[in-house]
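If you're matching them up, the sequences are chains U and Z in order. Residue 432 in my numbering sits at position 432 of the first sequence, and the numbers go up by one each step. Residue 68 in my numbering sits at position 68 of the second sequence, and the numbers go up by one each step.
Derived by calculation from the structure, the hints in this document are not laboratory data. It cannot be assumed that every hint is accurate.
[Said to hold, decoys possible] Calculated pairs, SDA-like style, for lysine to any residue (alpha carbon to alpha carbon, straight line, at most 20 Å):
#	chain 1	residue 1	chain 2	residue 2
1	Z	K104	U	L360
2	Z	K145	Z	Q42
3	Z	K45	U	D364
4	Z	K45	U	L360
Fair warning: this is a prediction, and the values are worked out from it, not measured in the lab.
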Amino acid sequence: MNLSNLLTITPWPALSAAILLLLLMAALYFARGTAHQLLRAAAAALSRGLRVAAHSVIHAQRGLAARNREVLLAAGRESKERLVEREFTRVADTVRKDLAGYPDMHRRLSEAIQRIEEDQEEAAEVPPEAPGWAQAVKVVANLDARNAGAEILADIHKSMVKAHAEAMDDYRKASAERHVLLRRMMPDWRSIRETLGHVNKSVESVIGRSQAIDRHMQEYEAIVRGEDRALSVLSSSSIVYFFISALVLAVATAGTAVNFTLIARPMAEMVGGTNFIGGYRTADIAALVIIMVEISMGLFLMESLRITRLFPVIGALSDKIRVRMVIITFLILLLMASIEAGLAYMREVLLLDEMATNALLRGDAATGLVNSHLWITTAAQMGMGFVLPFALVFVAIPLETFVHSLRTVVGLIGIAALQALALILRLLGNGCRHLGALACRVYDLPLFVPLWIETRLLAGNGSGSWKEARS
Amino acid sequence: MKHLALLLTGAFALALTSCAPPAARNTGVYLLIDTSGSYNRQMSKAEQITLYTLTRLQSSDSIAVARIDTGSFTEKDIIAKATFDDRPSTANAQKRAFASRVEKFIDQAPPAPYTDITGGLLQAIEYLNEKHPARKEILILSDMKEELAKGYVRDIPLDFKGFDVVALNVTKLRSDNFDPRQYLGRLDDWRARVEKGGGHWRVINDLDHLDGLL
């Protein structure tokens, strides 16, 4: 039954339409309560579902945040432990170095002091000999013999002048000897001053280290206590490390690309230029494998040197095996670098050969011309081929930082995403609830006439009992 | 565990892909040079095209240069042929030697009384099919006017499936100037014959613009 059929229930379509409209309004009016309940229930169910989903997401976000916090604190703890360990190692080295030299230093100081004491004793000033003639002159002067006394006194005067001259000579000699002894003390004084200065420097170094250790320990304790400030510092540091290491890794990737370009062409001479593995040229794959092996060797070298700690197994090896590993990885790297330098040279040779062939085939007259400065590019290529493998060794450091900071950064991104999702779900939940109310209003819109009549009737009755009964 | 299984499956798939026989990526070129009296003056262009072709070819590609004479369906008409080595340096040496051989031929090429283009094409198809290249190109340097000696039967269907046939420097004969329909008709006939055999036909007369070739 279509609309045209419905309009034929009376001979007048307008009347039919009016009757149909009235019937429809009546049906809608009587079903209004049920329809409102349905709309509200549907909206409430949807809203509740979305809110539950939002709560779940918030719960997951809290779990992730807690995990991220643990990861961050663990990373911070480990980092601080390494720092403190390194500082202790330095202090130990300083103390060991100084204590190892302490017996010798003590002996030198004792000897120097002993020498100084001896010299000091020897340099003690000897008072000039007491003039023995003074008493004799007094006695002679009191004698009652005029002429004989004068002669005696003249002799005594003479003897006294002579004795005075001898005493002065002795005094000068003794003073000179004392000065010599005092001068001999000078190197000992200097030696003592230098030794004490060295001791002072060592002590200051140890004090400086101990202050650094104190600072690290305070930070470490803050991390162990899980303080928010420490967490915030660790979080921001982690993000900074992430971006810096990503930048350095990007630079390293560019270096790898240059390295690849250097050796890809000559690799075709070794493994053939037309073999393919899974859609990629075997020569390209071989060149990449060489570079990857170099990077792996670099990682192992850094691990063996305990600069990075990506592989705990290597770090836990005994020192003897580690040193062996360092030597072996370094030798392999040296070999690889030499091979790369050779390949870089081969690349230049092949390039020249190809250029010469193409020039010959094109019939260029300039085939005989050879650039006299070509050796510079050849040498540069060889140098790059040799240096780049060693430069790529240091990729291990930013790689380690990147891997460690990646966990935190991914966690932070996850938390932010979950927060955003929770917010969206809550907004949608609230929106659904309001949408239910809006749907009820929209439902009532075509029923404004019966609703108006109902309101008037209610107002006429003047009581809410009818309304309660109606609802 | 699930991740490990996924990783192993991926590695296995990669290994399978790697072990699959590699698809051919090389090119095979067969250059036919018309040595008939009417075309003998264009031999220098044959050298130009040969050298250009050599610059475009890479390791593992194949090339053969053959002449079109009275009876061209024979290996004896192949002037030089080579399949370039995997190693680029050896391939370069091969190219130089090949260029030298073609140059020598161009200098001493005797004019042929007849023009057996069909025989040359048959020989080209046979040669390139033996080499199994991924891309097969037959280059014909000729006025495309076939003149067969008595007794030579060349009214046979040619299988050009997978072949690109390029007519280069198709010169106009004196008679074509009187009646251009002869020239156009000749080209149309060859086009129809190649396309009927499943091949792709092209004409390049401007040898200064060979960029589209190969």
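Hints versus structure:
no.	hint	result
1	Z:K104 <-> U:L360	holds, 15 Å
2	Z:K145 <-> Z:Q42	holds, 15 Å
3	Z:K45 <-> U:D364	holds, 16 Å
4	Z:K45 <-> U:L360	holds, 16 Å
In summary, this structure violates none of the numbered hints.
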